[in-house]
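Participant: Generate the whole structure from the sequences, applying the supplied hints.
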Amino acid sequence: MESSSCKLRIQWESCKEKNPWLLPKLAEMAREMKRCGHHNYSIKGLFEALRWETRYSTGDLSLKVNNNHSAFAARDLMNRYPDLEDFFRLRLQRPRPNNWGQIH
Numbered sequence: 001m002e003s004s005s006c007k008l009r010i011q012w013e014s015c016k017e018k019n020p021w022l023l024p025k026l027a028e029m030a031r032e033m034k035r036c037g038h039h040n041y042s043i044k045g046l047f048e049a050l051r052w053e054t055r056y057s058t059g060d061l062s063l064k065v066n067n068n069h070s071a072f073a074a075r076d077l078m079n080r081y082p083d084l085e086d087f088f089r090l091r092l093q094r095p096r097p098n099n100w101g102q103i104h
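Following my numbering, the numbering of the sequence shown begins with 1 at its first residue and continues without gaps.
Honestly, I wouldn't trust all of these hints.
Keeping only pairs whose Cα atoms sit at most 30 Å apart, straight-line, the calculated DSS-like set for lysine-lysine is [claimed, not checked]:
(1) Lys44 <-> Lys16
(2) Lys7 <-> Lys44
(3) Lys25 <-> Lys7
(4) Lys18 <-> Lys34
(5) Lys18 <-> Lys7
(6) Lys34 <-> Lys16
(7) Lys34 <-> Lys44
(8) Lys25 <-> Lys44
(9) Lys18 <-> Lys44
These aren't lab readings, by the way, just hints derived from the structure by calculation.
Facilitator: Next comes the structure, spelled out in structure tokens:
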């Protein structure tokens, strides 16, 4: 595995540890989208909605979740919550040639 993806994975694991409520809250939001008739939805859309919501409930200006963690969040949600399996569309994760900062 590419070192940048390992770094992102480590950062994501740290984020989850610091915010144990994060995955359950995202799962709740995804389930609400399913109840509204969505067969799939954007994890980044949920991140943005959660940032908006936590701004008002906590007084913090923004949730400290990096958008680079969205792919990890989607995979973790679908692995942890069977009712969300295939709810997020995923791309194959692989390093870009000559680009240490991104995976696609």
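Participant: Next, verify each hint and record whether it holds.
Facilitator: Here's how the hints hold up against the structure:
{"no.": "1", "hint": "Lys44 <-> Lys16", "in the structure": "holds, 16 Å"}
{"no.": "2", "hint": "Lys7 <-> Lys44", "in the structure": "holds, 20 Å"}
{"no.": "3", "hint": "Lys25 <-> Lys7", "in the structure": "holds, 24 Å"}
{"no.": "4", "hint": "Lys18 <-> Lys34", "in the structure": "holds, 27 Å"}
{"no.": "5", "hint": "Lys18 <-> Lys7", "in the structure": "holds, 17 Å"}
{"no.": "6", "hint": "Lys34 <-> Lys16", "in the structure": "holds, 23 Å"}
{"no.": "7", "hint": "Lys34 <-> Lys44", "in the structure": "holds, 16 Å"}
{"no.": "8", "hint": "Lys25 <-> Lys44", "in the structure": "holds, 14 Å"}
{"no.": "9", "hint": "Lys18 <-> Lys44", "in the structure": "holds, 20 Å"}
Checked against the numbered hints given earlier, this structure breaks none of them.
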